[in-house]
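Number of protein chains: 2
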Amino acid sequence: MASASSTFSLSKPFVPLSKPHHHHHASNHNSIHLSFFNPTSLSTLKPSLSASPRRRVDFRTTVRAAAVEVASEKTETALVDKSVNTIRFLAIDAVEKANSGHPGLPMGCAPMGHILYDEVMRYNPKNPYWFNRDRFVLSAGHGCMLQYALLHLAGYDSVQDEDLKSFRQWGSKTPGHPENFETTGVEVTTGPLGQGIANAVGLALAEKHLAARYNKPDLEIVDHYTYVILGDGCQMEGISNEACSIAAHWGLGKLIAFYDDNHISIDGDTDIAFTESVDTRFEGLGWHVIWVKNGNTGYDDIRAAIKEAKAVKDRPTLIKVTTTIGYGSPNKANSYSVHGSALGAKEVDATRKNLGWPYEPFHVPEDVKKHWSRHVPDGAALEAEWNAKFVEYEKKYKEEAAELKSIVTGELPAGWDKALPTYTPESSADATRNLSQQCLNALAKVLPGLLGGSADLASSNMTLLKMFGDFQKDTPEERNVRFGVREHGMGAICNGIALHSPGLIPYCATFFVFTDYMRAAIRISALCEAGVIYVMTHDSIGLGEDGPTHQPIEHLASFRAMPNILMLRPADGNETAGAYKVAVLNRKRPSILALSRQKLPQLPGTSIEGVEKGGYIISDNSSGNKPDVILIGTGSELEIAAKAGDELRKEGKTVRVVSFVSWELFDEQSDAYKESVLPSAVSARVSIEAGSTFGWGKIVGDKGKAIGIDRFGASAPAGKIYKEFGITVEAVIEAARAVC
Amino acid sequence: MASASSTFSLSKPFVPLSKPHHHHHASNHNSIHLSFFNPTSLSTLKPSLSASPRRRVDFRTTVRAAAVEVASEKTETALVDKSVNTIRFLAIDAVEKANSGHPGLPMGCAPMGHILYDEVMRYNPKNPYWFNRDRFVLSAGHGCMLQYALLHLAGYDSVQDEDLKSFRQWGSKTPGHPENFETTGVEVTTGPLGQGIANAVGLALAEKHLAARYNKPDLEIVDHYTYVILGDGCQMEGISNEACSIAAHWGLGKLIAFYDDNHISIDGDTDIAFTESVDTRFEGLGWHVIWVKNGNTGYDDIRAAIKEAKAVKDRPTLIKVTTTIGYGSPNKANSYSVHGSALGAKEVDATRKNLGWPYEPFHVPEDVKKHWSRHVPDGAALEAEWNAKFVEYEKKYKEEAAELKSIVTGELPAGWDKALPTYTPESSADATRNLSQQCLNALAKVLPGLLGGSADLASSNMTLLKMFGDFQKDTPEERNVRFGVREHGMGAICNGIALHSPGLIPYCATFFVFTDYMRAAIRISALCEAGVIYVMTHDSIGLGEDGPTHQPIEHLASFRAMPNILMLRPADGNETAGAYKVAVLNRKRPSILALSRQKLPQLPGTSIEGVEKGGYIISDNSSGNKPDVILIGTGSELEIAAKAGDELRKEGKTVRVVSFVSWELFDEQSDAYKESVLPSAVSARVSIEAGSTFGWGKIVGDKGKAIGIDRFGASAPAGKIYKEFGITVEAVIEAARAVC
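Top line first, the protein sequences correspond to chains A and B. Here full-length UniProt numbering is used: the first residue of the first sequence is 1, the next is one more, and so on. Here full-length UniProt numbering is used: the first residue of the second sequence is 1, the next is one more, and so on.
Treat the hints as calculated values from the structure; they're not laboratory data. Just so you know, nobody snuck in bad clues.
Quick list of simulated restraints, FRET-style, between CB atoms:
id	chain 1	residue 1	chain 2	residue 2	range
1	A	GLU360	B	VAL312	53 to 61 angstroms
2	B	PHE468	A	LYS293	33 to 41 angstroms
3	B	SER335	A	CYS740	52 to 60 angstroms
4	B	ASP667	A	ASP157	51 to 59 angstroms
5	A	ALA414	B	ALA681	52 to 60 angstroms
6	A	ASP646	B	SER680	28 to 36 angstroms
7	A	GLU477	B	ASN331	29 to 37 angstroms
8	A	ALA429	B	SER335	27 to 35 angstroms
9	B	ASN354	A	GLU647	51 to 59 angstroms
10	B	ASN354	A	ALA429	35 to 43 angstroms
11	B	ASN294	A	LYS445	41 to 49 angstroms
Think of the CB as a built atom: it goes at the ideal place given N, C-alpha and C, for glycine as much as any other residue.
Please model the entire structure based on the sequences and the hints provided.
What follows is the structure, encoded as structure tokens:
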């Protein structure tokens, strides 16, 4: 039944060139089960809509008339109570054992958590990467025991009994905040507040985009919801307002956010700092808003709210769920003391009594276990049903199926990198931001998962894909994303897009200096292994008149110091193409491309292959690996180094000119290669870069000299600033003479 | 009439220890005229309320009945038109001459600009630092030609005719975005969007706080408004939502924000990314909202809106002013092309024709000049009036007057630093975050301008001033500020507080890793010379279980690379006290204190004086400045270096242990001092710091070894992570043996 082309199965996603950075944990990347097609399960299960295992949701929200239904409902409610309390006590017990963590949120949010994972969401516990699963994001990441408890009950392999008992311990799968790279079933990495809701916007964008591109009238192949729980802290963060504003603009109707309205944050009652009307603000943003007044026990209200949210298809829904933080704790509920500390043995006992919970720590009652046990077969059936649909899709829509498969698996189309442009020294001078646009437009033709845009600087960042229109509410199939002036939200949305499917390659853009606005999101890209491409133009004083508020100085150094991210500063067309090759290949490591506003010549000696090594020789008139001096430049200053080299050679010196486009990539090369570029015997080294010299000491060594800018910039034409700041050929020549 | 104590006059503010960083411009700091009391002007002017030069505002908004008034009004309106067009063309001409800049906003906002500076605001052009002036912030900083034109017309010395003609040129007083450190009359540094509105919240907070502390029923000595113009870009940024949410919570009734609602941003019509209802959102935030539908010519509507805004005293007001970007340009108005580029000679001509402007570039018509000329004497009178009031205040309220004077001038009370606690090795071990709280509480008693708080982590950051209550809407005299989970807004609000008065010393706090959320504001602290104290706790993997999302790695390096900011990482009580001494003295350079969550011992050899030098020897058993090895540590790892030193000495080695608490301060010491701490002849150096090794290469040299963490952290108890990551005494000993 399955065609040959659809039986492929990947034991892990296609992820080359990634630098591992989580040394202490056994990596789970090797065990990722990404296949979306499993022929064996297909033969044993008969997928059909009528057998859909999530029909209970609808059942619960229909009008109930018969007495027998009421009786069964009562039994059900008792079981739901029990399940909800199981979640509460798994959280209480894990935090207690670790003597560290946040019990308050899980205790308050257990009802919505139960309803989501047990009644509403469609997922396959044994393949957490099943493409068409509903996504869940705990934006209030400190409450992660809620999610761990739910994953455990639902049958995910990642959270076993022993994992719950090693919460927040070295090497466990249950770290202090949700981390997708540690725990399968966790979609994104949260904890820093507000990131999760923005990630969720990215997940919902990805769904809407892929659905628009690949769904057919007869075959809805992309179709899932994105659920998120966020708290008061998330609501106060500016990033959440940014993301929620643009989510409504895009009409992300399948994004449903639960706002855990518990009125408590770390410093106490939210009345001390947060008295706005969140409801009114969200109405202003364009969301549909529902208020569930009793989130502690009002199961049916929560169910009805979800039903209503699903019925509103043209915009996202915020369900404000008023809960009691630490619900059930007789002495600590509704206080900040239950937010981020273990309850303590005495209060745990009191809570057990109060909620009528006679069990040992970490106990899951048999009937609760049994109740949840259906999710493993049901999930397998859901995936099988979808797989069958995909087989049909592939038969009818061969081209689209191939594209979608590439997006689902992350396998890049063969020969994709041949699309990248190359240049000769005769090619016309151009700004690397313009050369970047040539690369983006070339790649968009061969990479179906490439999409992105700018934070309202598309015409300055040069990020428009010319063959596509704008991703908008009514044109979601397009691939130019207009983020508005929302850098922080943009970065976190792109993290969500990247983590939706391995083959989605989001890029986003602003001026390099404004990475300061989005640094928290960029750091999470690096941590959560989201291969976002950051297209950062206007990368130095070379932008000129806009002045010091717009001129990056310390930014290159600040990202070179950040783990698991590639900081690339290409010098010309070939290096820009090389930077894109590297960025696309690194699907589990984000890349930042620092690009010039000003025109730069196409330099002899630059190459894509050179960029892949991070640092390489672009010209040399020495022999025996013993130049008189090594000149090192990056980006727009490589030209200055090359010119200085020419001058010094006229004086009879042997000079090597090195492009140092990515420190991280160079660092990963063999010692022999490194020695061939920067021989330890040659201490006469001069570097030049229009940025902070911080960090260059290690490259140029004790006897070398680093030319850079260790002050803020200035407002004037670029050439004038370069001259006044001493970023000149003359300065390099002088320094070279001094160190030789 | 003036008492002896009130005749002091400062030619410049009291600003010790500041590292100058704007080398290229003649510093204007030496010419700051900060005195708020000028006995000579007092003798020639009779201040009285009936002579208030701003009564015209009230006149304009009263009902007009008599024909003669209508006639004069027509004349007046013609003159206002002329003044408004003068502003427009000064902007057009300056941008045209520079062939760079943003003419669109000034052309659209000229009417509100005119009304503010000509009719509403109270200021003294010849003393831009007069304490009780109304503050104006152009949050949409790219439109700076609007402000330069207004300062020019109003008679500020900082913007002369030649300054307008050297817009955006090297060494001019009219840089590409408003910079308070370049142009007197500019209150804060804007350009990066959203910062200005948050600065304005800080300015308004300062006014409300000082008014509550110092105003008396008979003498209102603090009394000014804060006006701000923000655009669509500012509105999209998350920081503005953060700041505006808390501004309403605090009830900042004297904050009046004009939202330049022109529907155009760089990428085109705001419809492509910004379709929320700003009005509704601000109502949700708790603001009073007014809509002026015709901002282009509706002068009376603007005036009426300001009057209404002033009447609403319990909350801030947003005046949405619908304007046409580039108003007057027949072919470019209402398009993105007029946002950020010169109009071009042809369109400038067309605009001159369209608006009936026959004048040469940069011409200010005589009647306009004459009309504005009253602001110099009127401003002097306003200040004189206030000075007279202050003389009276000083007589009646001696103590309060002395405090207020200290806040106004920035002169620190004599001997203030004696309040700082000191410790001996016998003092009990403690976390530097707790020691920080001891310092803050000691300083609050002697520094009347110290106020601040945390972004919802007060009980973790240990930032509460125990003798004060919370600064809140109804208790604005208190000094504990509750920022909520709004790090970015917090930083920018503190910039506003710091720039309100030289003696206000704002501090703010969160976890060190969350500097990522507020980095754009911190960078502007550094650039705009705002001496904010950043109290950043949980400064390493030492925070333990919260895991990698919460553990800083690259943050120390990232701030060491930033110009004009002090990155301090104290190791114990004495060093924490030293860090505070440095931070308080540096009123024009912000300081970041990285503080531990975990307990640290009080080390022998640490001192306040040592911290002031940035790096210093805490123990040494060598002689002749030739130790076998130098061990260098910071913060919580200084203890590890000290212990390793003890062990190595047992082996017979001569070991120097150096605390490297602030790289920047060490860098500023004499070469002789540096050589006495890190002799160039000693290449055997080992550094240890629980953060990125990036940058340490320069300190330890080619033959040294830097121990640190070049990967993300982990969720586990702190001791376990230290051990697994090799941040141990054993690792230092091993490295020392290897390099000796």
